[in-house]
Structures are given as C-alpha cells and as structure tokens.
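Those letters in the sequence shown? Residues 28 to 387, by the numbering used here.
Calculated directly from the structure, the hints in this document are not laboratory data.
Be aware that one or more of the hints could be misleading.
So the derived label-pair ranges between C-beta atoms look like this [as the list claims (entries may be wrong)]: (1) P324 to A87: 34 to 42 Å; (2) I41 to E358: 30 to 38 Å; (3) A87 to N335: 40 to 48 Å; (4) D205 to A374: 22 to 30 Å; (5) L355 to K240: 18 to 26 Å; (6) E358 to I29: 47 to 55 Å.
In the DMTMM-like style, the derived pairs of lysine to aspartate or glutamate whose C-alpha atoms are separated by at most 25 Å in a straight line are [as the list claims (entries may be wrong)]: (7) K53 to D65; (8) K240 to D65; (9) K158 to E385; (10) K53 to E281; (11) K53 to E143; (12) K218 to D279; (13) K53 to D381; (14) K158 to E143; (15) K240 to D338; (16) K218 to E358; (17) K218 to D341.
All values derive from a computational prediction rather than experimental measurement.
Yeah, the Cβ is synthetic: ideal placement off N, Cα and C, and Gly gets one too.
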Amino acid sequence: MIIYLNGRFLTQSITGVQRYAHEVIKALDELIASGKIDASGYNFELLVPPDVEELPDYRAVSVRSVGRLTGHYWEQFELPFHSRDGVLVSLTNAAPLFKRNQVVTIHDAAVFAFPEAYSFFFRLWYRVLMKLLGRIARMIITVSNFSCNELITYCSINTEKIRVIYEGKEHITATPADEHILKQYNLASRKYVLASGSTNPNKNIQSVIAAVKLLGHTDIKVVVAGGANPKVFKLSQAHEADNIVNVGYVNDGELRALYEHALCLVYPSFYEGFGLPPLEAQACGCPVIVSSAASLPEVCQGAALFCNPYDATDIVASIRRLIFEPGLREEMRRNGLEKAERLSWTACASSIFDALGEIG
Numbered sequence: 028m029i030i031y032l033n034g035r036f037l038t039q040s041i042t043g044v045q046r047y048a049h050e051v052i053k054a055l056d057e058l059i060a061s062g063k064i065d066a067s068g069y070n071f072e073l074l075v076p077p078d079v080e081e082l083p084d085y086r087a088v089s090v091r092s093v094g095r096l097t098g099h100y101w102e103q104f105e106l107p108f109h110s111r112d113g114v115l116v117s118l119t120n121a122a123p124l125f126k127r128n129q130v131v132t133i134h135d136a137a138v139f140a141f142p143e144a145y146s147f148f149f150r151l152w153y154r155v156l157m158k159l160l161g162r163i164a165r166m167i168i169t170v171s172n173f174s175c176n177e178l179i180t181y182c183s184i185n186t187e188k189i190r191v192i193y194e195g196k197e198h199i200t201a202t203p204a205d206e207h208i209l210k211q212y213n214l215a216s217r218k219y220v221l222a223s224g225s226t227n228p229n230k231n232i233q234s235v236i237a238a239v240k241l242l243g244h245t246d247i248k249v250v251v252a253g254g255a256n257p258k259v260f261k262l263s264q265a266h267e268a269d270n271i272v273n274v275g276y277v278n279d280g281e282l283r284a285l286y287e288h289a290l291c292l293v294y295p296s297f298y299e300g301f302g303l304p305p306l307e308a309q310a311c312g313c314p315v316i317v318s319s320a321a322s323l324p325e326v327c328q329g330a331a332l333f334c335n336p337y338d339a340t341d342i343v344a345s346i347r348r349l350i351f352e353p354g355l356r357e358e359m360r361r362n363g364l365e366k367a368e369r370l371s372w373t374a375c376a377s378s379i380f381d382a383l384g385e386i387g
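Given only the sequences and the hints, what does the whole structure look like? Please build it.
This is the structure in structure tokens:
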C-alpha cells in the first residue's frame with residue numbers, strides 16, 4: 028500500500044500544527060528505518076509543492092516534488108492527482124476535497140468555537156473545509172478527547188471515524204538550551220513568568236499581563252515568546268509595560284532556556300485542541316499554570332495548577348502560590364516531568380501507523 032504524506036506544511040511558518048507534521052513524519056521515518064515497526068507492504072512518500080526550496084532528508088520516507096501550482100491550489104487540485112493510487116495523509120487541518128481515500132488530522136474546532144480570533148475569509152474557508160473533510164475522509168485523527176467531542180458537535184463527524192492520538196515533546200528536549208537569549212534580554216539573574224505561544228486572542232496573553240500587574244512585584248517580569256500572523260489573527264491589543272519583555276519568535280534552543288529558567292509557564296488559553304507549550308514546559312522541568320478550559324484539564328491533569336482564564340485575580344493567585352510555596356513548585360515540576368515522559372512523538376507516530384493499518 029502506498030501512503031502519500033501531504034508536504035504543504037514545508038512551505039509554512041512553524042506553529043503548532045506544522046510542528047506536529049514535522050515531528051510525526053520524523054518519528055515515523057525513524058520507526059520504519061530502525062525496524063521498530065513492520066512497514067513491509069507499505070511505501071511512504073512525502074509529496075511537496077514546487078516552492079519548497081530544501082527537501083527534507085529521510086531514511087525510509089521518500090520525498091518527491093510534484094506539480095506546478097502552490098498553496099491551496101496545489102493542495103486542492105494537484106495533490107489529489109499525484110496521490111491517486113494510494114492513501115493520502117494530511118496532518119495540518121487542511122486536505123484536498125477531491126480525494127476520498129485519505130486520512131486527515133484536524134487539531135481542533137476553533138474556527139467554530141472561537142471565531143473572533145480569525146479573519147473572516149480564513150474562518151469561512153476552514154468551516155466549509157472541515158465539515159466536508161469530515162464527510163469525505165476515511166478517517167479523522169485528532170489530538171484530544173476534547174477535540175474529538177468538538178468535531179462531533181460542530182462538524183457532525185461520525186464517532187467511529189475519529190481516532191484520538193496525543194502529541195509529543197522530544198523536539199524540545201533533544202535541543203540543547205541556548206542561554207544566549209537570557210543574556211540578550213537581561214533575564215539570566217531575573218525572576219520571570221513565561222507566556223509562550225502566539226499572541227492571537229484565544230491565547231489570552233492579556234490576562235497574564237493583567238495578572239502580573241496585580242502581583243505587585245515590580246522585580247518579576249512577564250516574558251512573551253511567540254507572535255501572531257496578522258493575515259490570520261486579529262492583532263492583540265495588549266498594553267506595553269515596563270515589566271513585559273516581548274522576545275518574539277524563538278528557536279527550540281532559546282525556548283528551552285526560557286522554560287528552564289522561568290518561575291513558571293502561565294498558559295490561560297481560552298481554547299486549545301491539545302496545548303503543546305505546557306507539555307514542552309513540563310518536559311523542561313518548568314511548573315505550569317493552565318486554563319481550566321478546553322483540552323488543558325485533560326492533557327495536564329495531575330501535573331499543573333488550573334486557573335479561570337477570565338479572572339486575572341485567579342491567575343495571580345496561582346502565580347503567587349508557585350512563587351511562595353517552594354514545596355508546591357517542586358511537586359508541580361516533578362509531576363510535570365513524569366507526565367511529559369508518558370507522551371512522545373514516537374508513540375504518536377506509532378499510533379498513527381496502527382490507525383493506517385485499520386483502513387487497509
């Protein structure tokens with residue numbers, strides 16, 4: 028059986044879903060090449076659009092540049108043709124509508140549940156796309172039980188068609204910490220709370236900023252790592268302040284250094300399909316405070332403090348607990364490490380491979 032992998036993600040900036048695609052294919056390639064899974068009878072090939080400048084180098088997964096178009100046009104019109112004799116696997120929410128023999132990972136239903144975070148045309152396109160893919164595709168993979176229920180509610184996807192497979196974290200632990208960023212922003216000897224992720228509205232970074240102001244400790248900074256794509260997300264209206272350090276996009280080594288030196292990660296997101304930053308932080312020994320909403324109680328259960336994302340006073344109360352209760356901070360650090368140890372891209376890729384075996 029030929030398994031074609033949708034490589035359009037290689038033309039996109041790395042956010043959560045692109046990270047997922049990179050890591051799943053990397054882990055799948057390693058599992059096949061090392062013989063840890065029996066892929067006899069399978070041929071895996073990554074199909075990429077012509078505007079990918081540098082093709083990835085895998086040991087077991089072949090890579091081929093196909094077609095002449097780019098972007099949505101390549102994905103919708105050329106990809107189905109070039110994958111016509113096999114099963115197509117798309118890992119980043121989008122997939123061609125003219126292809127029935129396919130498996131699609133849909134990470135969440137945010138365009139339905141949190142529409143104000145997206146531009147009108149993005150929201151319109153993905154609402155139509157996700158509903159149709161839910162009917163057309165042979166299997167839908169999603170990343171939490173919460174997202175599974177959301178897709179059933181908003182897209183009316185048959186429960187029997189959905190498989191829930193958690194994400195992993197090795198990308199952050201495999202990269203040495205780059206502490207240059209701590210020196211660059213004068214953070215090496217400072218106490219700070221980390222807010223990681225895009226500054227789009229549903230990440231709720233404004234509540235972190237409000238909580239730090241309520242904290243009353245002028246020596247504690249809030250470091251915001253990440254940024255928003257203005258073409259997709261409405262720009263955040265967060266107010267600048269002296270105790271806010273915006274470091275923008277960071278690589279994995281810089282992010283690991285920020286996690287390892289932070290008092291905690293505060294992640295009061297209104298909506299998540301999974302919530303990769305808390306898992307990354309836990310893998311780096313950073314205690315986490317997360318929202319009690321969406322997938323986060325499921326993913327972080329037993330290894331985080333939970334807060335009301337709509338109440339800055341509740342967020343600041345959790346921050347104070349981690350600052351002034353070292354025993355609790357150590358407990359959250361230890362529990363987080365144990366939680367992160369149980370989730371891996373290797374397990375994720377292995378489960379996806381098993382799911383592909385179901386469709387024959």
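Against the structure, the hints come out as follows:
no. : hint                     : verdict
1   : P324 to A87: 34 to 42 Å  : 37 Å, holds
2   : I41 to E358: 30 to 38 Å  : 33 Å, holds
3   : A87 to N335: 40 to 48 Å  : 47 Å, holds
4   : D205 to A374: 22 to 30 Å : 27 Å, holds
5   : L355 to K240: 18 to 26 Å : 23 Å, holds
6   : E358 to I29: 47 to 55 Å  : 49 Å, holds
7   : K53 to D65               : 16 Å, holds
8   : K240 to D65              : 55 Å, violated
9   : K158 to E385             : 23 Å, holds
10  : K53 to E281              : 21 Å, holds
11  : K53 to E143              : 34 Å, violated
12  : K218 to D279             : 21 Å, holds
13  : K53 to D381              : 16 Å, holds
14  : K158 to E143             : 19 Å, holds
15  : K240 to D338             : 13 Å, holds
16  : K218 to E358             : 19 Å, holds
17  : K218 to D341             : 20 Å, holds
Checked against the numbered hints above, the structure violates hints 8, 11; every other hint is satisfied.
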